[in-house]
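Protein chains: 2
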Amino acid sequence: MVRVLGVDPGTAACGYGVVEKVGGRFVALDYGLIRTAHTAPTADRLQTIYREISAILERWRPDRVAVEELFFARNARTAMAVGQARGVVLLAAALGGVPVVEYTPLEVKKSVTTYGRGRKDQVGHMVALILGLPEVPHPDDVADALAIALCDGLRAEAGLGAVP
Amino acid sequence: MVRVLGVDPGTAACGYGVVEKVGGRFVALDYGLIRTAHTAPTADRLQTIYREISAILERWRPDRVAVEELFFARNARTAMAVGQARGVVLLAAALGGVPVVEYTPLEVKKSVTTYGRGRKDQVGHMVALILGLPEVPHPDDVADALAIALCDGLRAEAGLGAVP
Numbered sequence: 000m001v002r003v004l005g006v007d008p009g010t011a012a013c014g015y016g017v018v019e020k021v022g023g024r025f026v027a028l029d030y031g032l033i034r035t036a037h038t039a040p041t042a043d044r045l046q047t048i049y050r051e052i053s054a055i056l057e058r059w060r061p062d063r064v065a066v067e068e069l070f071f072a073r074n075a076r077t078a079m080a081v082g083q084a085r086g087v088v089l090l091a092a093a094l095g096g097v098p099v100v101e102y103t104p105l106e107v108k109k110s111v112t113t114y115g116r117g118r119k120d121q122v123g124h125m126v127a128l129i130l131g132l133p134e135v136p137h138p139d140d141v142a143d144a145l146a147i148a149l150c151d152g153l154r155a156e157a158g159l160g161a162v163p
Numbered sequence: 000m001v002r003v004l005g006v007d008p009g010t011a012a013c014g015y016g017v018v019e020k021v022g023g024r025f026v027a028l029d030y031g032l033i034r035t036a037h038t039a040p041t042a043d044r045l046q047t048i049y050r051e052i053s054a055i056l057e058r059w060r061p062d063r064v065a066v067e068e069l070f071f072a073r074n075a076r077t078a079m080a081v082g083q084a085r086g087v088v089l090l091a092a093a094l095g096g097v098p099v100v101e102y103t104p105l106e107v108k109k110s111v112t113t114y115g116r117g118r119k120d121q122v123g124h125m126v127a128l129i130l131g132l133p134e135v136p137h138p139d140d141v142a143d144a145l146a147i148a149l150c151d152g153l154r155a156e157a158g159l160g161a162v163p
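In order, the protein sequences belong to chains A and B. At position 73 of the first sequence the residue is numbered 72 (numbering that gives the first Met the number 0), and the sequence of numbers has no breaks. At position 151 of the second sequence the residue is numbered 150 (numbering that gives the first Met the number 0), and the sequence of numbers has no breaks.
Honestly, the hints are just simulated from the structure, not real lab data. Note that the coordinates shown come from a computational prediction; the quantities given were computed from them, not determined experimentally. Cβ coordinates follow ideal geometry from the N, Cα and C atoms, glycine included. Heads up, a few of these hints could be off.
Said to hold, decoys possible - Anything over 12 Å on all C-beta distances counts as not near chain A; from chain B, calculated:
(1) Gly22
(2) Asp43
(3) Arg44
(4) Leu45
(5) Glu68
(6) Arg85
(7) Ala93
(8) Glu101
(9) His124
(10) Leu128
(11) Leu132
(12) Glu134
(13) Leu153
(14) Glu156
As the list claims (entries may be wrong) - From the derived model, a few chain B residues whose C-beta atoms are all more than 12 Å from chain A:
(15) Lys20
(16) Thr41
(17) Val64
(18) Pro138
Unchecked claim - Pair by pair, the computed Cβ-Cβ distance ranges are:
(19) B:Ala39 with A:Met0: 25 to 35 Å
(20) A:His137 with B:Leu94: 43 to 53 Å
(21) A:Lys20 with B:Ala11: 32 to 42 Å
(22) A:Arg60 with B:Asp43: 17 to 27 Å
(23) A:Glu156 with B:Thr77: 30 to 40 Å
(24) B:Pro138 with A:Lys20: 44 to 54 Å
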C-alpha cells in the first residue's frame, strides 16, 4: 500500500494532494492549494511553500513525492518561476527523507484518462471519479496535483514501478 | 559597511562570493564553487546546495544575498534547472533572515566593467582587479557570483541603494 503526495508547483499557487489505496479503492486523504501573497518578496513566497509542504509531509508521511517533469514551458521566465517553487518542494522532500518520482505530463494524463491527450477538464473529472470526490477539484493546480499522485499510485499498482 | 553574499545558482555548479569593504577597498572574504554529483537525484543535489549556502550564511552572516534576475535563458529546461537552484538559495536566505536583492545581468556588468556589454572574461578580470585577487576567479560561476556581490556593494556605496 503506497501513500503518495502529488505536487503541482508554482510560486503564486502550489497544488497538492495526498492519495492512498484504502479498501480496494484510491482515496484522497488531503488536497488543497498553497497560495502566496504576490506582494511578498520571492524568497518569502518560497519560504511559505517550503513550510506548508514540510508540514504536509510531517502530517501525512507519504512514501513518495510525485511531481511532473516540465518539458513544455510557455517561456523561460515561467519555467524559472515554476523551477524555483519546484526546487523548494524537492528540497522539503529530500530533507524529510522522502523519495521523489517524476512523470511527464503525458504519463499523468494517460494514467487518469482513457485518452492520452485528454482535455484539461477531463483530468479533473477523472480524478473526481477515481477518488469518489463530491465535485471536480478546483482550481486546475489541485486537480493536477491529485492526478500526479494518482499516476504514481496507479502505476505502482499495475507493477509499472516508479521512475525515480 | 555592507557585507554581501553573491550567488550564481545552478544545479550542477553554484558559484558564491562574500565581499565587504575593509579599509577603503573591497575584499573577498570567501568565494568558491558548490558542485553536485550529476549522478545524484535532483532533490539530493538541491539539498547539497541548500546545506552549503546555509553554512556560508551561518559562517559569514552577510547583510544581504545578491542574485541575478534571469531574463535571458537559453531555453525553458535550462531556466527550470537554474530556477530550482535559485529557489533553494532564496529559501536559505529567507530562513536565515537575510534580505535578497536582485540585479539584471546588465546592471552587474555595468557596475564592474567600464563597458556595459563587456565580454565575459572582462568581468572576471575586473573582479580580480577590484578585489585584489592574485588571479581571475575560475570558473565563470565564481567570477559572476563575486561580480553580483560587488554590484550590490558598489551601488550601496554610490548611494544607489539596493533593489529589494
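Query raised in the report: Which of the listed hints are broken here?
Result: Result: hints 2, 3, 4, 5, 6, 7, 8, 16, 17 and 20 break, sorted rising.
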